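Number of protein chains: 2
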Amino acid sequence: MMKKYLIGIDVGGTAIKIGQFDLAGVMINKWDLPTNKTDCGQHILPEISHFLNENINLEEVKGIGFGVPGPVTAGVIKNGVNLGWDTIDVVGEFSKLLTNKDIIVKVSNDANVAAAGETFCGAAQGYQNVCLFTIGTGVGGGIIIMGKLVDGHDGMGGEVGHMLVDQKRRFLCNCGKSGCLETVASATGIINLAKLYRIEDPTSKLNRYDRLSAKMVFDFAKKGDRIALRVVDEATNYLAYACSLVTLVVNPDIFVIGGGVSYAGQFLIDKIESQYYQYVTPFISHAKFALAQLGNEAGMYGAAYQVR
Amino acid sequence: MMKKYLIGIDVGGTAIKIGQFDLAGVMINKWDLPTNKTDCGQHILPEISHFLNENINLEEVKGIGFGVPGPVTAGVIKNGVNLGWDTIDVVGEFSKLLTNKDIIVKVSNDANVAAAGETFCGAAQGYQNVCLFTIGTGVGGGIIIMGKLVDGHDGMGGEVGHMLVDQKRRFLCNCGKSGCLETVASATGIINLAKLYRIEDPTSKLNRYDRLSAKMVFDFAKKGDRIALRVVDEATNYLAYACSLVTLVVNPDIFVIGGGVSYAGQFLIDKIESQYYQYVTPFISHAKFALAQLGNEAGMYGAAYQVR
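Going line by line, the protein sequences match chains A and B. Counted the way the working numbering counts, the first sequence spans residues 1 to 308. Counted the way the working numbering counts, the second sequence spans residues 1001 to 1308.
This is chain A alone, in the form it adopts within the complex (with noise of 0.2 Å):
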């Protein structure tokens, strides 16, 4: 039967967002579930399987990409604690699930997906090379060259949220180290600069305030509080190096700046790239900075885009 559906899977801790598209990326259909994550989430591929055998005519999908919160390499996903998963052949065990055996199945990072989205309808559409960055709680990437994902040997390509960037090493990241890319440019890592600078000027708005948020950050420093912009221009700058050295490793045609910091517009896009130049050879013609638009549908999109 002729193929006419690709179908992308964003597998969340909370939720699991399955969109059906056509051929050409266009959004057919969308569908949540809640994450089973029972029994070390060995229901989660199961109940996926039956949601699509209920609800879509799989003789006509052509290929289910999954985003999965975790390193993947080669279909397999290490550590997918959020799910409950340990080790899991996601690619495998869920080929087995299917009875069309002609449907193509891939698996790759969320984040690294969500880069893929953005490359696939969104604002890197058109772009063969691609880096995006989602500033959240933390910070995650991905890395699209020649229009694949690049997963990378451990599944670590993307993890730019990992960069030693603070050489003082001020702040303790999730991940064990000090001083990455996220303790310092993340939501978490605004707040973590706000907190240390605000100390120095008791008239900085900031001070007001128990509770600081990124959001209050950027909107005091849009009205001119000294310190919020100095908080501000420090977490771009960590930002915009953090740019010049996946430049100097890849020269992508494009960043995209997505996640909830990212909410902050185009003040954080200029921001990024005026200090972006300072640390990129001479050489480099004009980078491109964009702001993501498919928010949290980029996954689906970009689920998708690895069975197009």
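Keep in mind the hints are simulated off the structure, nothing from the lab. Treat the hints with caution; some may be incorrect.
[Stated by the list, open to error] Derived Cβ-Cβ restraints for the label pairs, each shown as a range:
(1) K30(A) / T1099(B): 55 to 61 Å
(2) T1137(B) / C40(A): 36 to 42 Å
(3) N1055(B) / L98(A): 52 to 58 Å
(4) S1274(B) / Q125(A): 29 to 35 Å
(5) K195(A) / N1296(B): 50 to 56 Å
Computed from a predicted structure; not experimentally measured. Every residue, glycine too, gets a C-beta built ideally from N, C-alpha and C.
With chain A held as given, fit chain B onto it using these hints.
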């Protein structure tokens, strides 16, 4: 006619190395031509074409690959100053010179091509994701992802020598910035550090020589000279840091270290490898480090690898 051969051509500022290979990458023949840089290097490609026509039956040639000194994108080199070239469409120009229109022509940057050479028939044979550091007068680099050379948007893929790693920015780089990896880890960089530190200890053997070389520094370090060891430890620490940054972008299977400084041998590799793990996340299982094997023939092998 049956296609039996690949041609790999490393176009350097002094000599043009031409290698003839079978399809598996075994070298059948090689030649050296002088590089004719007169008239803005306009004779270089015609002279190569003439030489090939005289010496090889081009009907049996599947492809001709070039490595050239300068940034390459989509077959075009920009600022090929070492050859007297400005911007040249190498693929377009050379294809016009060929009477056999079924020959594939490709071109990439010489450092990227060297990485491809080591992947084809050298230290990284059998790997799909490779990073080469060429440590000589400067620090060059090349990245192979999923078996393909990464040129990047401005041809700056693999330009790892210009990553800012010396936050104190003590030494000026040829690129116009300060603090590049090249300023503290190339042969020049090692001499920079040696001159800086030898003053602190008049008993260091490094004080006995007006003209230092990187080889001297490594030789004295191996014999236990305290200052020489400090220089080697610092230079290799910067290299280890740069390797960690590459890992967190593309997570290669193997790092290959080549160039003149790599004649320091396993001592150099051990120094880099032992300092690498402090910079990567604990999730990285194990990275391979190896000495380059092809010396100055890597360019020919890699040029041919492009058209395999």
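Against the structure, the hints come out as follows:
no., hint, result
1, K30(A) / T1099(B): 55 to 61 Å, "56 Å, holds"
2, T1137(B) / C40(A): 36 to 42 Å, "55 Å, violated"
3, N1055(B) / L98(A): 52 to 58 Å, "56 Å, holds"
4, S1274(B) / Q125(A): 29 to 35 Å, "44 Å, violated"
5, K195(A) / N1296(B): 50 to 56 Å, "54 Å, holds"
Consistency with the previously given hints fails for numbers 2, 4, ordered from lowest to highest.
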